[in-house]
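Just so you know, we're using our numbering here: the sequence shown kicks off at 1 and counts up by one.
It should be emphasised that the hints constitute simulated quantities derived from the structure, not laboratory data. The beta carbon of each residue, even a glycine, is placed where N, CA and C say it ideally should be. Treat the hints with care, as some may be off.
Now the in silico label distances, taken between C-beta atoms and shown as ranges [as the list claims (entries may be wrong)]:
hint, residue 1, residue 2, range
1, V177, A150, 33 to 41 Å
2, A37, T102, 39 to 47 Å
3, V197, A37, 27 to 35 Å
4, S49, T195, 13 to 21 Å
5, S194, G88, 27 to 35 Å
6, A187, A92, 13 to 21 Å
7, T59, R202, 20 to 28 Å
8, T195, P101, 32 to 40 Å
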Amino acid sequence: MRMIQDRVVVIALFLLPVPLLAQAPVNERIGPYVIDARGAFPGFKAIPSVATAIGTVTTNLPTRGFGVAGGAHFYPLRWGKVTLGLGGEAVASRGSRTLDPTTEGGPTGPTVNTRFSGYSPQVSFNFGTHEGWSYVSGGVGQSTVRIERADAPLETVPRRKTINYGFGARWFASRRVAVSLDARWYAVAPQFASTGVPAQPRMTLLVFNGGIAIR
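Kindly generate the complete structure, drawing on both the sequences and the hints.
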């Protein structure tokens with residue numbers, strides 16, 4: 001239910017009316033470019049069929065991870081209060097979980113590692129001024145979701161079509177450096193089973209990002 005509410009908020013932001021006002025002074029315009037460097041905090045899916053396929057249980061699958069995300073964007077056009085942004089982003093993250101012993105002094109269970117990485121061009125609609133702005137954005141790219149036991153790693157996993165969409169903001173505390181926050185959903189296409197590669201269903205991952213932006 002919470003995820004549905006979050007998506008409604010994002011869609012509502014896309015549908016906000018855009019008044020066509022006069023061009024703002026140059027020193028108020030967003031841009032001309034930014035480079036983002038952020039920490040990434042993904043939420044992973046604990047999918048029973050995936051756990052079974054790699055010979056473990058659902059509680060052995062990690063549901064949280066950590067990684068890095070980065071991107072670059074430039075802002076070629078402005079209509080009234082809305083500035084168009086074009087660019088791209090990439091993310092790489094991982095998480096792991098090891099089952100506790102079932103008996104006191106017994107051996108620990110297997111360790112499962114989950115890795116999520118991807119890249120995508122992006123289009124954004126930005127609202128604000130040169131000193132700080134919010135945005136909604138999206139793009140279509142590719143990603144990999146690798147879920148494997150540490151004692152039985154997969155040789156390779158295919159890249160999958162991935163649609164990303166989200167929103168965020170940048171606030172410049174100085175002329176060149178800003179605080180940069182982003183919340184992004186990744187809708188990942190299903191992965192079909194092949195030799196040595198278990199199937200994965202279609203999934204949507206939510207990643208929170210926080211760091212700096214430089215212009």
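Comparing the hints with the structure gives:
1. For V177 and A150, the Cβ-Cβ distance of about 39 Å falls inside the hinted range of 33 to 41 Å, so the restraint holds.
2. The supplied range of 39 to 47 Å is met by A37 and T102, whose beta-carbon atoms lie about 42 Å from each other.
3. At roughly 32 Å, the beta carbons of V197 and A37 sit within the given window of 27 to 35 Å.
4. The hinted range of 13 to 21 Å is satisfied by S49 and T195, whose Cβ atoms lie roughly 18 Å apart.
5. Between S194 and G88 the beta carbons are some 29 Å apart, a value that agrees with the proposed interval 27 to 35 Å.
6. Here the CB-CB span from A187 to A92 is close to 18 Å, well matched to the stated 13 to 21 Å.
7. For the hinted restraint 20 to 28 Å between T59 and R202, the CB-CB distance of approximately 23 Å keeps it satisfied.
8. A hinted range of 32 to 40 Å for the beta carbons of T195 and P101 is consistent with their spacing of about 34 Å.
This entry satisfies every hint, going by the numbered hints stated previously.
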